[in-house]
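K.L.:
Could you build the full structure based on these sequences and the hints that come with them?
Residue numbers (this note's numbering): 1 to 67.
Don't read these hints as lab results, they were simulated from the structure. Where is the CB? At the ideal position from N, CA and C, for every residue including glycine. Treat the hints loosely; a few may be bogus.
Claimed, not checked - Derived DEER-like restraints, expressed as beta-carbon distance ranges: (1) Met27 <-> Lys59: 48 to 54 angstroms; (2) Gln28 <-> Ser62: 46 to 52 angstroms; (3) Glu51 <-> His29: 30 to 36 angstroms.
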Amino acid sequence: MYAITLSTIATLTHNTTPITIRTILTMQHPTITTKIIVVQTQILEDAADIEDNMVSILKAYSTKNVL
1 MYAITLSTIA TLTHNTTPIT IRTILTMQHP TITTKIIVVQ TQILEDAADI
51 EDNMVSILKA YSTKNVL
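P.N.:
Given below as structure tokens:
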């Protein structure tokens, strides 16, 4: 009786573990994708800010504007 029960539990555990992991990863996929998009957007915004700052600095220190 115990052998059958333990074997059944072992089989169920073995068979459901990949499904559980797959389910967790499937549920987390949209969250991970959203975070990646947010980070990419922030990087692009930072790059645009740096570019704007460089243009402002170049204008401020250019000979035409200084003289």
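K.L.:
A separate judgement is required for each hint: does it hold in the structure or not?
P.N.:
For each hint, the structure was consulted:
Distance hint check: the CB atoms of Met27 and Lys59 are about 50 angstroms apart, consistent with the given range 48 to 54 angstroms. Range check, Gln28 to Ser62: Cβ separation about 50 angstroms, and the 46 to 52 angstroms hint holds. Look at Glu51 against His29: about 33 angstroms separates their beta carbons, and that is inside 30 to 36 angstroms.
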